Structure formats: C-alpha cells, structure tokens
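Okay, here's what each chain looks like letter by letter:
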Amino acid sequence: MGKQAIGAIAYNQFNRIDTLLYTLVYPQRPMVITKTIQLIHYDKLPAGQNATVVVMSYSGYDIEDALVLNKASIDRGFGRCQVFRKYTAEMQKYPNGRKDAIVPPMTDPQTGERIPKHAALDDDGLAIVGYKINSGEAMINKASPVDSMTTGIGGDRGPEDYRSAPTTYRIADPAYIDKVMISEIAGDRSIIKVQTRQTRRPELGDKFSSRHGQKGVVGIIVDQEDMPFSDTGLCPDIIMNPHGFPSRMTVGKLLECLTGKASIVHGRPSYGFGDAFRSHPVEEMSKVLVDHGFSWEGKDYFTSGLTGEPLEAYIFNGPIYYQRLKHMVQDKMHSRSRGPRAVLTRQPTEGRSREGGLRLGEMERDCLIAYGASQLLLERLMISSDGAEFDICQRCGLFGYKGYCQTCKSTKEVTQMTMPYAAKLLVQELISMNVGVRLQLEDEFPHPR
Amino acid sequence: MDAFFESGLGLERFFNQPFNQDEGKGDNASPDYNPSQSSSSIDRALSVSPLAKIIRDTVNMADYDHPMHDDIGLGPSVVIHEADSTAVKFEASNVSLPMMNSLRRVMMAEIPTLAIDLVEIEENTSVLADEFIAHRLGLIPLHALGADKLMAQRDCECEQYCDRCSVRLSLHVKCTTDENMNVYARDLIVQSEGDDRYPQRGHPVINDPDGNGTLIIKLRKDQEVKLDCIAKKGIAKEHAKWMATTAVGFEYDPHNNLRHTDLWYEQDPKKEWPLSENAKHEEPHPEGTVFDYDAKPSRFYIRVESSGVLPPDVIVKQGVEVMQKKLAGILHELHNSGDNGMGGAGDEYDGPRSPDVDAGGGDNWDGFQTAYGAVNSTANQSAWGNAGGSTTPGYGTSYGNSGGYTGFN
Ligand SMILES: [Zn+2]
Ligand SMILES: [Zn+2]
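In order, the protein sequence lines correspond to chains A and B. So for the first sequence, the UniProt record's numbering puts the first residue at 1; every next one is plus one. So for the second sequence, the UniProt record's numbering puts the first residue at 1; every next one is plus one.
Do not rely on the hints blindly, as some may be mistaken.
To be verified - Below, simulated DSS-like cross-link-like pairs (lysine-lysine); rule was C-alpha separation at most 30 Å, straight line:
1. A/K44 to B/K218
2. A/K326 to A/K179
3. A/K44 to B/K221
4. A/K86 to B/K218
5. B/K226 to B/K174
6. B/K218 to A/K287
Claimed, not checked - Stretch by stretch, here's where chain B covers chain A in the computed footprint (C-beta under 8 Å, at least three residues):
7. 71-81
8. 231-237
9. 286-294
Stated by the list, open to error - Among the chain B residues that face chain A by a calculated CB cut under 7 Å, a handful are:
10. L97
11. A240
12. S276
Quick caveat, the hints were computed from the structure, so don't treat them as lab data. Treat the numbers as computed from the prediction; the structure is a model and nothing was measured. By construction, the Cβ of each residue, glycine as well, lies at the ideal position given by its N, Cα and C atoms.
Work out the full structure, taking the sequences as your base and the hints as a guide.
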C-alpha cells in the first residue's frame, strides 16, 4: 500500500521491462479492509499477505520492533518475492559509417570452451534465457569501433578494430535471465534489453510492515516446532513484540487483528471492515469469538514450543495483513578490508557500489582524540587510509625525490617520512598558489646527547 | 543406563521394546497398509508398533477403558479418543511433560517423508518462473509410506540421485485448446521403479473428489511445461515441505489445576474463558482444595493432523521410533565413550538430521586435535597449517598431554 510495499503493480507487469521491479510470489487480498481499499480495488492488485500474528515477547531477538518469523512459513512461501532488473545496450551508429556490433562469445584456445566471463552467452552474443548469471559475466557482448571520430570521407578512415564493451552483471548474488528483447528506437538505432530475475526468501534483516506503519526487521527465524502454539495447534507466522503498541497507539492494528480473527473463526465470505469509521464494532466481533469458543478479547491459551508448558499469560493473536518492504539486506550488506581507492586523494572510496570503506568522520575522530587513543587515530586516519612515504629534505624543507633534493642538489639531508597523501596534496596546492610550505622534521624520540 | 531410567522420564516402556537399527529390515510398518481403511487398519498398523505394545500392555483396547483408576504407578498408557484417515486424537498418561513435548516436536520436524527436491526443467513457456514452479512442486504432498526405507541421498553411493535414494516424477503438459488448462498433481507421472512393498510411495496425494490433487499451474494455448522432478527423503528441520503433520494440538491440565497459566479476566474467569474440548476428560479441583506445589502434569491430549503423506497413526508411531533412535544414539555414545574414545562412537547411529551436519560424530572427527593444533604433527598440519610443534602458546601442553583419552591419538 505504501510505495515501499512489494506486490503486484499492474496486470501487464510480466510483459513490460521495468528498470527495477519487485513482485510478491504469493500476494493475498487483505482480509480486513477499509472503504478506500474497496473504492480503489486494492484487492485486485494486492501487496501483502495475511499473516497469523501473535503478540508476545520471544527470545530477545525481537527488541526494537524486530520480528520473529516462522521458518516453515517462509518455506511455504511467506514473504517470498521476485526482483527483476533491466540492463540495456544501445547499438550506436557513427558518422564514419561504423556501427556497434554484437560479437559471438570468446572461446579458450586450448580447451575450446567458452571463457568463464562468457559462460551465459549464446552463440549470438546475447545471454540465454533461463541461464543463471553470476557476478562478472557478460549479458550483452557488445563491441564498439575503436575509431568513431573520423569522417569516413576519402582517405579519412581510422583503424578497423573493435573494442569490447559488454554489459556485465555486477551483483554479488546470482540471477536468472528472464527476458531478452531486441527493438529499434528513433534514429534507426537498435536497442537490446535484458531482464534478470532473482527469487528471494525472507532473511534476517529484511523489512516488513503492517498497514499501520508498524515496521520492523526480521530479528530471528525460528523453526516451527520451537514456536508457541495454541491448544488447537495453530502456529504463528510472525511474533510481534507488544512494546510496539503503547507509544505508537496503533489501535487500528488491534481492531484489524480482532476483526480478522472473528472473520476466520466464523468463516465469513465477505470482507470485514477494520477502520475506525465503519468497522464492525468490537462488541460484535467479541460476540462472534465467544460463540465459537474463543475468548472475547482475542487472546488464547498458548503453549511454549520449547518446553511444552503453557505460557503464563494468554496471548493476543489473529491475522494481520503484512507487507514486505523493498529494503532487503541482500541489497545493502557490505564490508571491506582492502579495496579500490580514489585516484586524486588515494583514500578509500566511499559507498557500497564502489566497494568503499566506512568513514571515520570528524565526530568519531573527536572521540578518539578525547579518549587519547592516539595509535588508533594514527592507524585509522593514516595507515589504513592514505598514508604514503615521502622524501623530505631537512635542509630546505621541500619534497625530494628518490632520496635526492632537486633544490639543494644533494642527497645529504634527505629523509623518508610517512604522511597522509592528502597532506602532501595540500602542500603542493599551497605551493601552486605561491605559498611556500617547508617541513621541519624532528625526531619523535630524540636521542639524549 | 539404570540411572537414566530412574530419572522419571518414563522411558522404560519405550526402551524395553526391541530396537532395530538396521534400515530396510524393519518389521514395524505393515506393507499392505491402506490409508483409506479407517480405525480397524489403524489398530492393525499399531499392532506391531512400540506404541501399540504400550497400548496393549496397559489399556484394554476393546472397550477403551479409562486408564486412571487402576494404573497408578504403571508405565505410560495411551487412550485413543478419535481416529480417522487424516487425524488422530489421543490421550497419553503417566508420561512426563518433556517427553510428550519431545514427541510433539519430533512428529513435526523429524519424521522422514518424501518431497520433490530437484527439478530439471526442459521446457517452460508458462507464465510462472522456473523457481516458482519448482517451489510449488516441492510443496506437493507425496505418499511417504515407506519413505524411511529409502536411502538418504547424502549417504547413497550415487552422484546425484538413483532409485535407491529417490523417486523420479515427470511432468509434460501442453495446452492445445483455446481454453485455459489446469495442470494438477495427478499429471505428475512416477518414472522410478517402485518398491513392491510400498506401491504408493512417491505418488502425489490426491484427496479431492475430482481426483485432481494440487493445482500446479494454469496454461494458455501453446504454453508448455516439461520437467523432471526428483523426490528425495528428508525431514522438516531442513524444509517444511517434508513435514508430515499440519496442526499438532497439544494440551494438558485443561482446568488449570496446576496453575501453570494465569487466568486474566475482567469479571469472572469462568465466564470469560471457554473450556477446551479436553476439559470433559478431567475434573476440576473442587473449591477449597489445598494447592499442591509439587504436582506434575501426567495426562496429555494430543491431536495429530496429517498433511496426507502418512496416516496419522504412522506419524505417531514413527515419532516414537525417531525419538527412540535419538535417545539410543545418546546412550550408545555415552556407553562407548569410556573405552572407545569420543571419536569412536556414533558411526552406527543414523537418525534423521539436517544436511551437512555430522550429527553422529564418527571417524572423520578428529576430536580436539585440530582445533588447538598441539597433540601431534598430523594434527598441527591439518587445521592451521602450522609447520609442527606447538606454535599456539598455552594450549599445546595442557590439551595435548591430558592422557586417558585414547581417542586423541
Ligand atoms: Zn633541499
Ligand atoms: Zn542414490
């Protein structure tokens, strides 16, 4: 319902190729609705599932809105979603008459087999539909002419060579090729689109939300036999911590749960309204529950799956419509020990897409200074970042090179030191602005003379 | 072993039954068992099971006598309240809570059944993605009577699958009409050579009146699905598709005489909390009874509902069996640990387990040698690649020379 919820987006969702498309494998229409839902026909394109929710604390992995998920429910398809991605390549034409081309995959000259990078390619140089594609493998084996600038008039022709410019799959988790489309766009250029598909089951850290803004991430996934269960054997899909209620005051969620529970015990074929304006009154719902041998306030006797003993308290439970939100750990998790560095500063890159490091910012630096952790500071800010060795002439205070000072024409007083590459940049930048910078070096631990 | 029995777990009866570890030679499942027959066949199937022996020993099966009057101090007993082809409801008395809960957990999670685990897709022009269909196929219930006699795939000699460890099913459907076509579980055709003792093994469970079974996919004109499925033995600990049960009801003390739970109420707990169905089998303590703090629950009401892959009584029976095997495995290891060392035991035990976990230990386990890398040169090289000698300070001597454990060298 919210724009982050995963679900059906349109009836033609599998015929179009969206840049990024999330769909739920088993969407369900909500059991408890509002008038608006009816008016906009939400049930025709739903984005969620009716989960059996039990409101109790379980295991401590449910603090701070984290959810406990039933492993068997996930096995059976709860929250399972598909992620589709589009990759495009445009076949360009150049003024000199040359064109981009799709070239067949390369083979290993010794074995005669396809090189690993081209494993997913068909003979025509495009990925095979249904193939599993791994990170680093090419999907569209495009080649561009090296020479695209010459006019092609008379003798003005550059080299005939082509340079490989494939579209490569770059995501760590593999995907399947779902569709390959070839079409033409304005200017007589052809365009090739490849759609990849991943099917994902919920995992630790994936985000879920009810329709009352009660969002939370999966804190633990528990085997069904360990889950609490009612005397009839009913087992929850989700366990939600009751601390989410008092401060949020999401009374609607309680109403939804109660209405939904009354609807299922009664087997009502029509929808139940759960909004605060025209919902079925709580008294009526309670009466339905009592008529079917349940407690009037939606609570039941539950047994611990671990010990077999009854839980001391009675547990509020019932169906609540839960949405899977598109924030998934698989797209976010990231770590780095070594990796690429920025060209100018030689510092580690930033961001997951560039395999970057996590920044130790100014405020974190302040903490280390205040604590006096000087070695850690040195390690974080220089050694593990952009520390570099430089030759400094101790006579003139300028940079030398390979142990020789160009200014003093001498090797005599040139010493090596480590400093951040960014500091060297600063010095050079100042020099370029006619500000002289001279480095005067001292021994950190001078010899007692 | 004696001490174990005296601990009050109520296992005496289970252990006094002959315990057959040899797979394939077991005499406990009646091969001609037919799930469509109801209570008489249940009696017949139970007549050879350990559970049934308990029933025979303690309860007069003819009139389902109430066991509580005369069997105080006797072993466990079972009374069946209801039984049909899909569910069994029974009451177990003179057993401990941990044991009955273990039985419940084992019935849910560790009974070996059959489910499609590997799908080789040759043609799929349907609207559903390959993984989508594979997931749906996995969840189709397959008759699992005799599944425990199949080899586990990881123990089998074959590379991927063979008839000893799997059942092969195929599906080839194409819609040729203008009308949309439904593909059902009945369209799955078993290709493997079956076991004569279990003719139904691996066949999809079909219970609906039309004889269709589960709906797999709908096809439009010219859409085609052609695939091969490999059904393997597994347990629900690994994936819920191997679960033999659906809901398992479990309750004791319906009147809350033991006060294991609180009765939260607004005015009157008696009015606000409807009694469960099982309450009719027990009496509430009369008003003014002095509360017994030491009282322990001993009567349990369990309702096992089958997913259709196994008859409910077989689920209970196999649950007991799996539990026996697990406990026997523990006892076996405890017994042998004195003279055989830690690594020696457990290689005969072959209970159900999750994949890639070497539950029984076995010969390939090096004890503590590899982890601390100290005892001898082979151990040093295997784990951390040390060039020999004790390079891990501290741990070397204290663990290496402890003596007594012959298994270490
Ligand atoms: Zn100088
Ligand atoms: Zn095999």
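Going down the list of hints, with the structure as the test:
For the given pair, A/K44 sits about 19 Å from B/K218 by alpha-carbon distance, which is consistent with the 30 Å threshold. A threshold of 30 Å between alpha carbons decides the hint, and for A/K326 with A/K179 the separation of about 22 Å falls inside it, so the pair holds. For the hint pairing A/K44 with B/K221, the CA-to-CA distance comes to about 24 Å; that is within 30 Å, so the pair holds. The straight-line distance between the Cα atoms of A/K86 and B/K218 is roughly 27 Å, inside the 30 Å bound, and the hint therefore holds.
At roughly 8 Å between alpha-carbon atoms, B/K226 and B/K174 fall within 30 Å of each other, so this suggested pair holds. Note on B/K218 and A/K287: the hinted pairing is violated, with a Cα-Cα distance of about 41 Å set against a maximum of 30 Å. Interface restraint, the region 71-81 of chain A with chain B: holds (7 residues with C-beta to C-beta distance below 8 Å; minimum three). Requiring three or more residues with a Cβ within less than 8 Å of a Cβ of chain B, the coverage given for the region 231-237 of chain A holds, as 5 such residues are present.
Taking a C-beta to C-beta cut-off of 8 Å, the region 286-294 of chain A contributes 3 residues in contact with chain B, enough for the three needed, and the coverage statement holds. This hint holds: B/L97 has a C-beta 5 Å from the nearest C-beta of chain A, less than the 7 Å allowed. Taking 7 Å as the C-beta cut-off, the interface hint given for B/A240 holds, the closest approach to chain A being about 4 Å. Checking B/S276 against chain A by beta carbon gives a least distance of about 5 Å; that is within 7 Å, so the hint holds.
In terms of the numbered hints stated before, the structure departs from hint 6 and from no other.
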